[in-house]
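S.K.: Using the sequences plus the hints, can you model the full thing?
Residue numbers (full-length UniProt numbering), protein chains in the order written: chain A, 1 to 198; chain B, 1 to 198.
Note that these hints are calculated values from the structure, not bench results. Do not rely on the hints blindly, as some may be mistaken.
To be verified - When the alpha-carbon atoms are kept at most 20 Å apart in a straight line, the in silico DMTMM-like pairs for lysine to aspartate or glutamate are as follows:
{"no.": "1", "chain 1": "A", "residue 1": "Lys-34", "chain 2": "B", "residue 2": "Glu-136"}
{"no.": "2", "chain 1": "A", "residue 1": "Lys-34", "chain 2": "B", "residue 2": "Glu-132"}
{"no.": "3", "chain 1": "A", "residue 1": "Lys-74", "chain 2": "A", "residue 2": "Glu-137"}
{"no.": "4", "chain 1": "B", "residue 1": "Lys-34", "chain 2": "A", "residue 2": "Asp-89"}
{"no.": "5", "chain 1": "B", "residue 1": "Lys-34", "chain 2": "A", "residue 2": "Glu-48"}
{"no.": "6", "chain 1": "A", "residue 1": "Lys-34", "chain 2": "B", "residue 2": "Asp-89"}
{"no.": "7", "chain 1": "A", "residue 1": "Lys-34", "chain 2": "B", "residue 2": "Asp-183"}
{"no.": "8", "chain 1": "B", "residue 1": "Lys-34", "chain 2": "A", "residue 2": "Glu-64"}
{"no.": "9", "chain 1": "A", "residue 1": "Lys-34", "chain 2": "B", "residue 2": "Glu-120"}
{"no.": "10", "chain 1": "B", "residue 1": "Lys-34", "chain 2": "A", "residue 2": "Glu-137"}
{"no.": "11", "chain 1": "B", "residue 1": "Lys-34", "chain 2": "A", "residue 2": "Glu-85"}
Model, not experiment: these values are computed from the prediction.
Protein chains: 2
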Amino acid sequence: MFSDRFDQLVQALRILPSVGPKSAQRMALHLMMKNRDGAVQLAHALHEAANYIHACQVCHSLTEHDICDICQSKERNAQLLCVVESPADVLAIEQSGSFNGRYHVLGGHLSPLDGIGPDEIGIPHLLQRLAEEPIEEVILATNATVEGQATAHYLQEAAKHLAVRMTRIAQGVPQGGELEYVDSHTLSQAVHNRMQMK
Amino acid sequence: MFSDRFDQLVQALRILPSVGPKSAQRMALHLMMKNRDGAVQLAHALHEAANYIHACQVCHSLTEHDICDICQSKERNAQLLCVVESPADVLAIEQSGSFNGRYHVLGGHLSPLDGIGPDEIGIPHLLQRLAEEPIEEVILATNATVEGQATAHYLQEAAKHLAVRMTRIAQGVPQGGELEYVDSHTLSQAVHNRMQMK
Ligand SMILES: [Zn+2]
Ligand SMILES: [Zn+2]
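M.R.: Spelled out as structure tokens, the structure:
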């Protein structure tokens, strides 16, 4: 609107998730009027990230090195491996502070109709890790979606011949969830998988 | 979290208006996992915008040139000048399609307590334009806030000696506004400034 470069900036901001035309315009105006240094810093950070961040050779999470900090850490329990669909899931679990093992990021889930089979999500590499590393338990933490469940079941079968305990993260009513607002599929699963009070 | 550069990207994204830590993290993950080309494009657009976009010498709106497209256009009515607080207001009025004159951007409003007086918002320059250009009507389109109103009143007084008609954008109930949801100050103004049915 003001100039081609302004329009190009608005357009470029729209690649960000959940940024529509109005927000992109507001962001561009904010940067141009109130925070040009911030705009330059953001440009720099984007460049650096795009050039230096890539997949860890071991777990396929994100890192700047060949092998990520978690895979390299001596503090983490090497006997425990958590399998997730994406680096976002690694972040979520790390931020929950509930896990001290290592990860394996599949980079997606099985989706035969889209041509995504075991090879596309690196299941051979995962099975190789299970055979070579001193892993005793695999926590299947794929999403609680139809595809995530199917992927977990596939992995359970594929690893059956290995001396590894396979577990699945619990599914049920979320903490603070009020029953009247929980969907009935979740609720029926939660009743079915009810646990002994301790 | 994954790496220093990832954290720096998350931090840099937080300069964007209404982007909190969670959204910034989601944006960084999206860019790294799904749209690296977009990240590079956005970096480029930010750089270009920060380097080439500046204030128009005539109206102080944003432009890549010395004088902006609107000030240069022969299609715009040079007798009509709309005074606004910011380039965002220029965009809003342009997008309403309701105005074919030119603009003058103050870059703020009078705020004596913050040391912002007439000089700080370029009122001498505006008065100079009114004296030199063939302007017949000035539409005061500062915000309908206390400061915007005060700024409009100040301008009206300051331009009194000039042969220029001063008008103020109408204030009242917004289109589609349901009376029960309109604040009472707006409503009392709307009753007070009621207009003859045509
Ligand atoms: Zn790793
Ligand atoms: Zn201009």
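S.K.: Indicate, hint by hint, whether the structure satisfies it.
M.R.: To see whether the hints hold, each was checked on the structure:
Distance restraint check for A/Lys-34 and B/Glu-136: the Cα-Cα separation of roughly 33 Å exceeds the 20 Å cut-off, and the hinted pair is therefore not satisfied. Taking the CA atoms of A/Lys-34 and B/Glu-132, the gap is about 31 Å. The hint is violated against a cut of 20 Å. Using a Cα cut-off of 20 Å, the hinted pair A/Lys-74 and A/Glu-137 holds, with the two alpha carbons roughly 18 Å apart. Note on B/Lys-34 and A/Asp-89: the hinted pairing holds, with a Cα-Cα distance of about 15 Å set against a maximum of 20 Å.
Annotation: proposed proximity of B/Lys-34 to A/Glu-48 holds, straight-line Cα distance about 16 Å (limit 20 Å). For a cut-off of 20 Å, the pair hint linking A/Lys-34 to B/Asp-89 stands: about 15 Å separates their Cα positions. Between A/Lys-34 and B/Asp-183 the CA atoms are separated by roughly 30 Å; this puts the pair beyond 20 Å, and the hint is violated. Taking the CA atoms of B/Lys-34 and A/Glu-64, the gap is about 17 Å. The hint holds against a cut of 20 Å.
The hinted pair formed by A/Lys-34 and B/Glu-120 meets the criterion: a straight-line CA distance of about 16 Å does not exceed 20 Å. Restraint check: the Cα-Cα separation between B/Lys-34 and A/Glu-137 comes to about 31 Å, which exceeds 20 Å; the hinted pair is violated. Distance hint between B/Lys-34 and A/Glu-85 is fulfilled; the C-alpha atoms sit about 14 Å from each other, no more than 20 Å.
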